[in-house]
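Colleague: The lines below spell out each chain.
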Amino acid sequence: MAVGAALLAMRPVEPFERLADLALAPARLLSPLGEPSLWRDQGRAPQEAGGLAGVLESERELSGQLELSILRSAEPRLVPWPIRGVVPIPGEVDVSKSMDRDRISLRVSDPGPIERGQAVVAGDVFVGTVEKIPEREPYRDRPGLFERALRRIGLSSPPVPPPKDLVIVRLITDPSARVGARIVADQEGRECRMVVGGLERLEDRVWLAVHNPESQATRAGRVIVHEPTAVVESVDSVASGFYLGDLRRMTVEATERAPRRRVMGVDPLLDFEAGLNQVLVLTTRGRGPATVQPRRSDIVGVLDATGWYGVDMTSLGDLCPWRSTGRLGVGRNVGVRAGAAVVDGVRLVGRVSRSDQIGATVALLDDPGFRVTALAQPVDDPEATPLVLGTLESAGRDAAGRVSLRWRPASGSRHGEWLEQHAPGTGVVQVRLWTGSGMRRVPRGLLLGSALIEAPDGPGGERLMHLEGAGDPGASLLVRTGSARLARPAASDATPTGEEAR
Amino acid sequence: MNRVTSLGIFFLWVSLAGAVQLFLIGGGSGPGVDGPALWRAMVPDLMTLVLVVAVGRLDRRDVVTLALVTAAARAACTAAPPFAVLSGCLVAALIADTIRRFADLDRAWLRAGAAGLGALALGAWLLVVDLVRESEARATDGLNFGQASDGDFVLPALTATATALVAPLAWPVLHRLPGLRRLERRAF
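Here the protein sequences line up with chains A and B, keeping their order. The numbering of the first sequence is our numbering, which starts it at 20 and goes up by one. The numbering of the second sequence is our numbering, which starts it at 10 and goes up by one.
No lab work stands behind these hints, which were simulated from the structure alone. Model, not experiment: these values are computed from the prediction. What you were told as hints is all true, and nothing was included just to trick you.
Between beta-carbon pairs, the in silico distance windows are:
| hint | chain 1 | residue 1 | chain 2 | residue 2 | range |
| --- | --- | --- | --- | --- | --- |
| 1 | A | Glu487 | B | Ala112 | 50 to 60 angstroms |
| 2 | A | Pro475 | B | Val13 | 55 to 65 angstroms |
| 3 | B | Asp115 | A | Glu36 | 39 to 49 angstroms |
| 4 | B | Asp113 | A | Glu487 | 49 to 59 angstroms |
| 5 | B | Asp113 | A | Pro177 | 52 to 62 angstroms |
| 6 | A | Asp476 | B | Pro177 | 48 to 58 angstroms |
| 7 | A | Ala42 | B | Arg185 | 25 to 35 angstroms |
| 8 | A | Pro180 | B | Glu145 | 29 to 39 angstroms |
| 9 | A | Gly163 | B | Asn11 | 43 to 53 angstroms |
| 10 | B | Leu152 | A | Gly136 | 30 to 40 angstroms |
| 11 | A | Gly208 | B | Leu152 | 43 to 53 angstroms |
Don't be surprised by glycine CBs; every beta carbon is placed ideally from N, CA and C.
Take the sequences, apply the hints, and build the full model.
Modeller: In structure tokens:
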């Protein structure tokens, strides 16, 4: 029995995990016994969720302002815009398809005019092309005899059809992705055409791979998409002129496995792994405005959306001293699933790591290894375009009790320019950190806290950020029962909003 | 009072031990950049201690049942996977049972050894599971929480030491926990 359990512990099997949760449900009725573990924390708890009176309201306003800045940042600034005949459809990056980092899923505002192969851009940067619209794929559900029997007795259910607003995008980083490109003027002022697509992995950075460059002598220059309509009947042609990155060359020294070689690649202008938040799909068949022009009134506040449930912790702490977790008194019975955000006002407290029938375990922000995609916005300029930080990883708490987050900028991070713009000379900026897109059941725009941000030393370097004003797990909390996408409650909708949920 | 009721009472005792342990753990600073959570690790593993004492006192045929009950109670107090907790509790109970088979756990050093070894085996095992699952989740881009490091192996050792030190002192009290008479081994 011990060996079997050990194997299942190492290699979790979903049905067995479910069975274990079901079997343990009665045992968890006694979890309120752990309430004394909250006493110490409750002594420090502020008067109101999210902090002192008035703070919550200002943080909600700041979150809305951040959303507006992100929506605006999706529109090009340097590339000629709007493009005649092109209708941009905004889309928020959802969760990347599992097992494949070269694809992202988008939740778009209007999927109607979107077709396969249409270009997707983020600001001035070309991201990839639409690969699939799951809702339009043929729906296959041919259950066998056993499956049909399971469904009849309620132990199985037919697959859930994909959401109507879901679009799968193949990134330019995919090994099979290719796009025509050119350098307008290289170091000697000459044009150079090439094909870009896939990745060139180097020791401390990742570049986009260059194929068949017109000239091997070209060493530097900004690479842009170049798919002239007259030559190639491709929808990428509407993306012509969008940026791919900067051409770089370097020599990779010989190793035991490979000889010394010269590498040419495009240093991307985006962190494709964790830095995508809001994009535009460039459609040619839609009817609508040629620009997005978001307004503050269009934005759904994080707590104004449906899909929150009021809850308190039943215990705090973990018997494993290397972990920092807490326990909620609700679980699958109210729709809480693994990954769901737990908030104190607008502040993120943690994420549900495991959910059973009557409770859920929450990995707190100071749980070592807790990962969160984040955005930074200067404290003194909340309307500025936020800096995309990518993934931050918790390192626990420091001696002063502050949550420490590790930041290792990925290839494509634009932190250098951003820091120079907001703190010329010093390079140190006081920022508010917010959650970004791409995390399952965690909406964009939740506050992590404020911290000082400074550029790491060189590529591959890392910085430690110490958070002030992180969420309080001892306060009255809300847990996300919906998806990461925020939806405004309908006027007739009986579902309570975040605040009414308590 | 039948056996099931006694097992229910044993579950209550283990859960109470877990609550006390969580309360004590809350007093120490958590894991952080300045080092592992040494103070938290110095809190004795009371749940394992209750299990080991029960294994020493109660009928041998109930060893696995006691381990299952302890695992059920423990799973509510930790983010560790339930199957990892279950296998760890079984190992801790088997260690105590093996020691008991050769000696009657009537000496202080035997009690300390049984409790310490049980806590060490359980803690180290949960750490290994965390390390394995974390590295797999990174490779597959899966959703996973918690990140142990090799340096954290000092923590189960500390907890085991604290548990071993407390065991001889707490044993007489835990040995007389009420409501377990039906599970006691019979002399004849």
